[in-house]
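Chains as they are written, first to last, in my numbering: chain A, 1 to 154; chain B, 1001 to 1452.
If you are wondering where the hints come from, they were derived from the structure by calculation, not from laboratory data. Hints may be right or wrong, so weigh each one.
[Stated by the list, open to error] Just so you have them, the derived chain A footprint on chain B, three or more residues with Cβ under 8 Å: (1) 1049-1057; (2) 1063-1070.
[Said to hold, decoys possible] If you want a taste of the chain A side facing chain B, the calculated C-beta under 10 Å gives, among others: (3) GLU7; (4) LEU14; (5) LEU77; (6) GLY78; (7) VAL109.
[Unchecked claim] When the alpha-carbon atoms are kept at most 35 Å apart in a straight line, the in silico DSBU-like pairs for lysine-lysine are as follows: (8) A:LYS111 <-> B:LYS1117; (9) B:LYS1117 <-> B:LYS1237; (10) A:LYS85 <-> A:LYS126; (11) A:LYS85 <-> A:LYS111; (12) B:LYS1072 <-> A:LYS85; (13) B:LYS1072 <-> A:LYS111.
Because the structure is a prediction, the values reported are computed rather than measured. Each residue gets a CB set at the ideal place from its N, CA and C atoms; glycine is no exception.
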Amino acid sequence: MSIERKEVEALIRLFERSDWHELRLETDGLKLVLSKDADAAAAGSEAAVAAASATEDPPAPAPEAVDGLVPITAPNLGTFYRAPKPGTPPYVEVGQSVSETTEVCLIEVMKLFTPVHAGLSGRIAKACVEDGEMVEFGAPLFLVEPEARAAETA
Amino acid sequence: MALSRVFVANRGEIAVRVVRACRARGLESVVGVSDADRESLAAALADRAVVLGPAPARDSYLDTNLVVHAAKATGCDALHPGYGFLSESPVLARLCEREGIAFVGPRAETIERLGDKLAARAVAGEAGVAIVPGSGEIRSAAEALTFAGSAGYPVLIKASAGGGGRGMFVARAEVDIEEGFERASEEARAAFGDGALFAERFVEDARHVEVQIMGDGAGEVVHYGERDCSVQRRFQKVVEEAPAAALPPRARSSIHDAACRLARHLDYRSAGTVEFLYDVAREEAYFIEANVRIQVEHPVTEEVTGVDLIEEQLRIAQGGGLSVTQEDIALAGHAIECRINAEAPERGFAPSPGLIDAWCPPAGRGIRIDSHCRAGAFVPPFYDSMIAKLIVRAGSRTEAVERMGSALAEFRIDGIATNLAFQERLVRHPDFAANRLNTRWLEDVFMPSLVH
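Model the full assembly from the supplied sequences, consistent with the hints where possible.
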């Protein structure tokens, strides 16, 4: 059995969406190790692919982190609101520090408003969506500079 | 109602089918997909696709508010629910109504009245449609005897609280009644803590037949003939045909009339199916239930009538009414559909999701494939395992059976296990060719024959 590139891609996609932490596969001429642990070393001839960033919740296909920035993604389709109510200040401003539990926005579905949490510690680097826009599941809402890196550049 | 954009609240082949029907009617389509279906054919063919939520259906396809929110936010003025998922949810129909979105299906109250089995039997009664003759509660063997005397043998004595075949006894003649009553009563008490029994006529040799109906919502109703879906496994249809060639003409016209009566009684809107249990020995049909949606097997009806039922649904939603009168609907030839599933029959029909390496479907005269799959497509593990519907049409049933056999032999799918070989053996079985079928044939006759 030989494995083609597109099959590896499909495996990676599946793995990303699963709640597994590690997947090892060996066939003729291929040894594949997928891990969500960033420290998984590419030991010997093993090809180690760190599939997803540390953000486990939501289990979104997190878009590639750009310049080390990590996206906060939409947990489902809905309307994006930056402030708790019209005319009030937004939950977060660019430059503001957030922790995992900081509420950063609301997603509304048929008048049901659900807060979205940052899910990691760091500094808001960018707001990706205009207030009142429809967002789809997995869409980046904010980009966050993670804490470790924020400390380095400070 | 002038409509411009339809939200497709489903996935798989039916989503593709609805997108194409929208295009044919000059309507735009927006399909709401889960994360697992981002790259699906429906998403590619629709004017727009939006990702509702993660792969599990409860967080995407089954979330009524999410679906309606997506329809509104994308400017849709109609919603087609397909089959399965939310297609028979009165909550969705009502929410669409409230939000000014045309629901491509029956009114919410119709869905409610037909959705509950007992309520549906009551509606059938009001419309003068026969149901399986049954008794009220019976308290003694003597009462069972009286019922059997009027209904005729065999009768099934069963627990009111029943289920799973326990507390059930078939009495084939008077002599069985006493013992049947005692045994059923004991079992019922033991299994359910309730010895209450009732009796109904037992149909040993039954066919599942169903009538395709369409209503304009204002009292006009037509039928598009019937289908025979007797080949079932665990109450799941495996092969469907139109017409039901084994039905005598009198029984055929009586189920057509009964289905139309039921639909007219409710001022039925859009497509629906009225299902009957056909008692082969007595040549009588009894109402089972009504399905308030387009069904998986609708293509066999389309093939013998030449009508596109989904386009017709859209036309009715647009306020265009029925495109035909009953006199315009003529049946020609015979059509058969085989459901092709990503499953391994030899391993207890275990689902086999995965990547499709090769997809080489059959083609030619009288062959139709409704599918969302192609080479390189991934069959996700989260949903129903159906990957295609293979439909053939020919001048006669005999020719159609032959055509299906060779089409199945030609169909090649690599990368995942499928039931193609199982289906080929099924349609090449002498009983299938001879149309010697009933609802128990697949499990009682065909499946055991495979072991050798």
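Do the hints match the structure? See the list:
1. 1049-1057: holds (count 6)
2. 1063-1070: Satisfied; 6 residues make the cut.
3. GLU7: holds, 6 Å
4. LEU14: Because about 8 Å separates LEU14 of chain A from the closest Cβ in chain B, which is inside the 10 Å limit, the hint holds.
5. LEU77: Holds, because the Cβ-Cβ distance from LEU77 of chain A to chain B comes to roughly 5 Å (cut-off 10 Å).
6. GLY78: holds, 6 Å
7. VAL109: holds, 5 Å
8. A:LYS111 <-> B:LYS1117: holds, 33 Å
9. B:LYS1117 <-> B:LYS1237: holds, 19 Å
10. A:LYS85 <-> A:LYS126: Cα-Cα ~21 Å, so holds.
11. A:LYS85 <-> A:LYS111: At roughly 13 Å apart (the allowed maximum being 35 Å), LYS111 of chain A and LYS85 of chain A satisfy the hint.
12. B:LYS1072 <-> A:LYS85: holds, 21 Å
13. B:LYS1072 <-> A:LYS111: holds, 12 Å
Of the numbered hints listed earlier, not one is contradicted by the structure.
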